[in-house]
Amino acid sequence: KAGVTQTPRYLIKTRGQQVTLSCSPISGHRSVSWYQQTPGQGLQFLFEYFSETQRNKGNFPGRFSGRQFSNSRSEMNVSTLELGDSALYLCASSPLPREAHRQPQHFGDGTRLSIL
Amino acid sequence: GENVEQHPSTLSVQEGDSAVIKCTYSDSASNYFPWYKQELGKRPQLIIDIRSNVGEKKDQRIAVTLNKTAKHFSLHITETQPEDSAVYFCAASVGGGKLIFGQGTELSVKP
Numbered sequence: 002k003a004g005v006t007q008t009p010r011y012l013i014k015t016r017g018q019q020v021t022l023s024c025s026p027i028s029g030h031r032s033v034s035w036y037q038q039t040p041g042q043g044l045q046f047l048f049e050y051f052s053e054t055q056r057n058k059g060n061f062p063g064r065f066s067g068r069q070f071s072n073s074r075s076e077m078n079v080s081t082l083e084l085g086d087s088a089l090y091l092c093a094s095s096p097l098p099r100e101a102h103r104q105p106q107h108f109g110d111g112t113r114l115s116i117l
Numbered sequence: 092g093e094n095v096e097q098h099p100s101t102l103s104v105q106e107g108d109s110a111v112i113k114c115t116y117s118d119s120a121s122n123y124f125p126w127y128k129q130e131l132g133k134r135p136q137l138i139i140d141i142r143s144n145v146g147e148k149k150d151q152r153i154a155v156t157l158n159k160t161a162k163h164f165s166l167h168i169t170e171t172q173p174e175d176s177a178v179y180f181c182a183a184s185v186g187g188g189k190l191i192f193g194q195g196t197e198l199s200v201k202p
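Sequence order for the protein chains is H and C.
Sequential numbering from 2 applies to the first sequence in the numbering used here.
Sequential numbering from 92 applies to the second sequence in the numbering used here.
None of these hints come from the bench; they were simulated from the model.
As the structure is a prediction and not an experimental result, all values here were calculated from the model.
One or more hints might be untrue.
Distance condition first, Cα-Cα at most 25 Å in a straight line; then the derived DSS-like pairs of lysine-lysine [unchecked claim]:
hint, chain 1, residue 1, chain 2, residue 2
1, C, Lys133, C, Lys113
2, H, Lys58, C, Lys162
3, H, Lys14, C, Lys133
All chains, full assembly: derive it from the sequences and hints.
Shown next as structure tokens:
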């Protein structure tokens, strides 16, 4: 079974631009969560999508948004990029049995975003 | 707010020794506690997890213990090997697919 796939792996942008990152979950997984990883702040939860609906949201500004498609693939978008948005963006997927909140999340390799 | 504290931030042990990493969570509603290992430049990999109705779980050289009353859980690695060197993250689930992570522990196992 293929793992979580994130594209692109690396991205370089300048301040003020916007960016879209993509995540394809493990086949059969319906929940997709996004995290930002930086040396200073560690791993921080951005949001989670299930059945094309945002179920949970972290404490990030509205410049960070996402969506999920009917095939469970997800995208996140960051508008008006700032230098502080430079980070590794990780996507994780999990199946959704009855006790979804207690199911393992499996991570992709991430997208390394650098803002110049 | 929701918070997970993880200690120590760095840990150095000799090969064959044991390593213990401790985490404390703030949200008493948390009921799922995974541990991830992240090697340099790689994705976080789930190594073990525990649910709130269990006090301890073991998988070969790795064990996790949970004390719900104290809101405390720990990772124990026995007979450490150089390939155990990595950053380890604890996390707590506060609902749905939302994990709150600790700040990480950089484990170094010296041969």
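**Hinted pair lysine 133/C and lysine 113/C, Cα distance within 25 Å** = holds, 23 Å
**Item:** Hint consistency between lysine 58/H and lysine 162/C [alpha-carbon to alpha-carbon, up to 25 Å]
**Value:** holds, 24 Å
**Asked** Taking 25 Å as the top limit, are the C-alpha atoms of lysine 14/H and lysine 133/C close enough?
**Response** holds, 22 Å
Figure legend: structure checked against the earlier numbered hints; every hint is met.
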